[in-house]
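Trainee: Can you make the complete structure from the sequences, with help from the hints?
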Amino acid sequence: MGDQIISALPKDHLEISFEYGEADSARVITISANGSSWNSRMPDLIQKLEIKGLSKC
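Heads up: the sequence shown runs through residues 1415 to 1471, numbered per our numbering.
Calculated directly from the structure, the hints in this document are not laboratory data. Heads up, a few of these hints could be off.
[Unchecked claim] Simulated restraints, written as ranges between beta carbons of each label pair:
| # | residue 1 | residue 2 | range |
| --- | --- | --- | --- |
| 1 | Q1461 | Q1418 | 28 to 36 Å |
| 2 | D1417 | G1467 | 34 to 42 Å |
| 3 | D1417 | A1437 | 28 to 36 Å |
| 4 | Q1418 | E1464 | 31 to 39 Å |
| 5 | D1417 | P1457 | 27 to 35 Å |
| 6 | I1420 | I1465 | 29 to 37 Å |
| 7 | Q1418 | D1458 | 30 to 38 Å |
| 8 | E1464 | S1421 | 28 to 36 Å |
| 9 | Q1461 | D1438 | 29 to 37 Å |
| 10 | G1435 | I1465 | 20 to 28 Å |
| 11 | Q1461 | S1421 | 13 to 21 Å |
All values reported here derive from a predicted model rather than from experimental measurement. Where is the CB? At the ideal position from N, CA and C, for every residue including glycine.
Mentor: Structural data, given as structure tokens:
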């Protein structure tokens, strides 16, 4: 992520990146928590994503 963008973000934020997967239509989504408020909310977010059928790596 660019330095200008990082400095504009609040201390507590989610970082979400998208990458191509092995298949043409596959995508890998990485979610990273930054800050104490997101660290405490991540277990709930992970549970909700797993319910939707998304897997945790």
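Trainee: Now tell me, hint by hint, if it's right for this structure.
Mentor: To see whether the hints hold, each was checked on the structure:
In this structure the supplied range 28 to 36 Å holds for Q1461 paired with Q1418, their Cβ-Cβ distance being about 34 Å. Distance hint check for D1417 and G1467: the Cβ-Cβ separation is about 36 Å, which falls inside the suggested range of 34 to 42 Å. For D1417 and A1437, the hinted distance range of 28 to 36 Å is satisfied, since their beta carbons lie about 34 Å from each other. For the hinted restraint 31 to 39 Å between Q1418 and E1464, the CB-CB distance of approximately 34 Å keeps it satisfied.
Distance hint check: the CB atoms of D1417 and P1457 are about 31 Å apart, consistent with the given range 27 to 35 Å. Between I1420 and I1465 the Cβ separation comes to about 31 Å, which falls inside the hinted range of 29 to 37 Å. Remark: the range hint 30 to 38 Å for Q1418 to D1458 is upheld by a beta-carbon distance near 31 Å. Hint check: E1464 to S1421, Cβ distance near 33 Å, so the stated range 28 to 36 Å holds.
Roughly 30 Å separates the CB atoms of Q1461 and D1438, a value that falls within the hinted 29 to 37 Å. Here the CB-CB span from G1435 to I1465 is close to 21 Å, well matched to the stated 20 to 28 Å. A C-beta distance of roughly 32 Å is found between Q1461 and S1421, which places it outside the suggested range of 13 to 21 Å.
When held up to the earlier numbered hints, the structure conflicts with hint 11 and nothing else.
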